[in-house]
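Chemist: Take a look at the letters that make up each chain.
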Amino acid sequence: MSADLVHLWVYLQTTPLLGLVSTLLVFVVTTAVSRRLGNPAWANPTLLSIIVLTLLLLATRTSYATYFQGAQYVHFLLGPATVALAIPMYDNLKQIRRSARAILPALVAGSLVASMSAVIIARALGAPRIVTLSLAPKSVTTPVAMGIAQQIGGQPSLAAVFVLITGLTGVLLLGPVMRLLRVSDWRAQGLAAGTAAHGIATARILLLSETAGAFGGLAIGLNALVTAVLVPFLARWLAGP
Amino acid sequence: MLNALTTLLVCQFIGEILSNAAGLPVPGPVIGLVLLLALLVRRGRVEREMKSTAQALLQNLSLLFVPAGVGVITQLDVLGANWLPIAVAIGVSTLLGLAVTGWLMQKLARP
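As you go down the protein sequences, you meet chains A and B in turn. Per our numbering, the first sequence starts with residue 1, numbered consecutively. Per our numbering, the second sequence starts with residue 1001, numbered consecutively.
Just so you know, the hints here were simulated from the structure itself, not pulled from any lab data. Fair warning: there could be bad hints in the mix.
[What the hints assert, rightly or not] Using 25 Å as the maximum straight-line C-alpha spacing, the simulated SDA-like pairs for lysine to any residue come out as follows:
no., chain 1, residue 1, chain 2, residue 2
1, B, 1107, B, 1096
2, A, 94, B, 1059
3, B, 1107, A, 24
4, A, 94, B, 1096
5, B, 1051, A, 24
6, B, 1051, B, 1035
7, B, 1051, B, 1041
8, B, 1051, A, 102
Bear in mind that the values here come from a model prediction, so they are computed numbers and not experimental data.
Let the hints inform the model, and build the full structure from the sequences given.
Modeler: The following block contains the structure:
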């Protein structure tokens, strides 16, 4: 790089604009690419954007902290967006009330299976204890997962990454699993997405059905509660000494 | 848009305060969601402005996970050293979680 370009780059790295603009631009482009491909689950804009931005940071040797200075403005909107899930939930309140008795057993069973099977498998395959414990809360929304990981002796930042990978895995598996089991009910699909793969899978299914989105939002909230209460006891016991 | 966004943020804010003050295991935004839902139920309707603002946020929900997602870059060494147990554990457990919840819900819920 010439000296001028280096100056410009050093200047840009000190402003939050770089992280913000790169996040938005990459997302706009990957959304267009994904649409061109027919919106397949394996090429969803979230996954593509994370890959492209990670490669960009590695290639330009930009630290995550520098990137996040700008990206935090996008990240911040997760809070109000979570609150906004109340609107599809309100629109589907009748359906939620009607199926209340089915929601709880389905959610608790799915939540425990997702969390405990992850711990058992990781331990059996020889993962270190800190990895195994950080996997336990991976199906819940990030702040809750980080809190639980801390509490049971895992690592919060590792838990946050597992939450992300789980969400993207959920997006990939949701369609095939529901087709295989012949689950056509939007309420069931939404509840499954929110329970097993939190907001990332819910964001995807919300685009297909408002009802599924409402049940996904409900599952995110309830699963946070169920996991926070049950997982600390079970995970430490299953992860062994 | 401003009124609606303010309402959303105030709900989140109160949620954060309740979550921290009471030491609840549920994060602030989720408590904010419950507060807003209670508010809407009391009012009996959703204002058009709130509807369009919520829609704008939720239609782009996938974007909002990207900045945290790029955080994967800070854990590449741990992921590289343990990729097999991590991949199998997350793949199988997510599949089982989706299957159990979806199947049970469809079975138990009245159509």
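Chemist: Does each hint hold? Answer for all of them.
Modeler: Checked hints:
no.: 1; hint: B:1107 x B:1096; verdict: 16 Å, holds
no.: 2; hint: A:94 x B:1059; verdict: 23 Å, holds
no.: 3; hint: B:1107 x A:24; verdict: 41 Å, violated
no.: 4; hint: A:94 x B:1096; verdict: 29 Å, violated
no.: 5; hint: B:1051 x A:24; verdict: 24 Å, holds
no.: 6; hint: B:1051 x B:1035; verdict: 16 Å, holds
no.: 7; hint: B:1051 x B:1041; verdict: 14 Å, holds
no.: 8; hint: B:1051 x A:102; verdict: 28 Å, violated
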